[in-house]
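2 protein chains.
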Amino acid sequence: MDKLAVIKIGGNVIEDADILQSFLTDFAQIQSTKILVHGGGKKATAMANQMGIPVQMVEGRRITDTKNLDIITMLYGGKINKNIVAQLQNLGCNALGLSGADGNAIQAVKRPVKTIDYGYVGDVVGVNTELFQILLKTGYTPVCCAITHNQKGQLLNTNADTIAATLAQSLSQYFEVFLGYCFEKQGVLENIDNDSSVIETITPKKYKSLKAEQVIHSGMIPKIDNCFNALKNGVSSVKIGAPKMIAGITPYTSLKLKDE
Amino acid sequence: MDKLAVIKIGGNVIEDADILQSFLTDFAQIQSTKILVHGGGKKATAMANQMGIPVQMVEGRRITDTKNLDIITMLYGGKINKNIVAQLQNLGCNALGLSGADGNAIQAVKRPVKTIDYGYVGDVVGVNTELFQILLKTGYTPVCCAITHNQKGQLLNTNADTIAATLAQSLSQYFEVFLGYCFEKQGVLENIDNDSSVIETITPKKYKSLKAEQVIHSGMIPKIDNCFNALKNGVSSVKIGAPKMIAGITPYTSLKLKDE
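Quick mapping for you: the protein sequence lines, in order, are chains B and Z. When we follow my numbering, the leftmost residue of the first sequence carries the number 1, and every step to the right adds one. When we follow my numbering, the leftmost residue of the second sequence carries the number 1, and every step to the right adds one.
Careful, some of the hints might be misleading.
If several chains are the same, the list does not tell them apart, and a pair holds so long as it fits within one copy or across any two.
Dumping the calculated DMTMM-like pairs for lysine to aspartate or glutamate here, alpha-carbon to alpha-carbon at most 20 Å [said to hold, decoys possible]: (1) Lys185 x Asp195; (2) Lys152 x Asp26; (3) Lys205 x Asp193; (4) Lys256 x Asp225; (5) Lys137 x Glu184.
Hints were generated in silico from the structure; no laboratory data involved. From a predicted model like this one, the values you see are computed outputs, not experimental measurements.
This is chain B alone, in the form it adopts within the complex (with noise of 0.2 Å):
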């Protein structure tokens, strides 16, 4: 089976110019297949204001109405999107924009309203898995904003991470798949004031007893379970770090099902 990198990056990496281009400098060198996932973080709330549209936040996420959504499309699957594929194809690697819609690449549902009603935000369904297989076999690299659309003419708003994971399981059917969560510290850290504290692996038993300690809690625990949902549905290898953690100089925190 080829191999197969997913690799999602978060917010502070695409805010700071400087370590973007470093992140993209070391994926553009990743020997195997590759596919990069990424969301805009903080961008899409600066612009609101700029455009001065009211942004209305629940527990951390966006309530996404039609301007805001308008927004995302515009900085998630335009500029941030088309900036990084330019800049990837510069370094000689094949990139290729896409967002959920294009070759209906990532199918969702509108997140069904239960107390809280978040608008334009989607749920995944489905991969087109056999669209992704086309790209990655003959040379390009799929770079996946975090957008979907409902297949009746809808783009929705999408969770990075969820579509990261959702990706590497679909395409653990055909690959050999490292799914990379690369975001602000060099890993999981047992103690959140000392960025040398990586959690070296994280094992179901070990994780369990993090979240008792609350060493794990709020944000992470949805991108833990994430991680090992992906590892229970195929995927070979979970690794959250640094940026730096894909050109191997970093230290990361290695998620596995079982105790070595």
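Once you've looked at the hints, dock chain Z against the given chain B.
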């Protein structure tokens, strides 16, 4: 040889949601493989105004500084492109949006400065025909926005008419290509004030006399030059008309190299 329709839509089609929806419905029903090319027209100026960014036009052409390029990338590559793609998906057409940077689809050079510095404006120098063949032969419909790249990380604002003509010419090696330009009139008019005075056929001889009579002038000249170039370079058929011409409902102007 398989047939391929390359259809370019102008700003007026994009600016009116109903006209766009009607056009996309007709476009989705084209039986042959097909490519859609679009710009964005006046929306870019409106958005620049909303964001307080100055817009400078010289002889109908936009001087594209960094901020205006960002707007174009957000609008053409993001909002307009992704919404067209999502709508086509809903209409059963497996559309896939591309800028010229995506998959190195369309290469350009920054226009050299003579008397006027147009800024980040691209002159097309090459097409990745392999990418278009892969997509077309596996059932995808490329939707190309009016952005190219210089292969060195720089996106470039590029004339959509030229992109359509260049794609049509390049792909005429592999397909029997029909090139269609859809705009607000039902064709080239004998009398600009009479919408039903559509000129049925323009040959080079007729073109010469229409220019001499000032029936064809200013902005229409480069458009028609583009069309004749396409015909001379392998394109089978070129038509200019309203969006409804692709459904065979309205008249159009047909360009031909020879008198029949």
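Those earlier numbered hints the structure runs against, lowest number first | 3, 5
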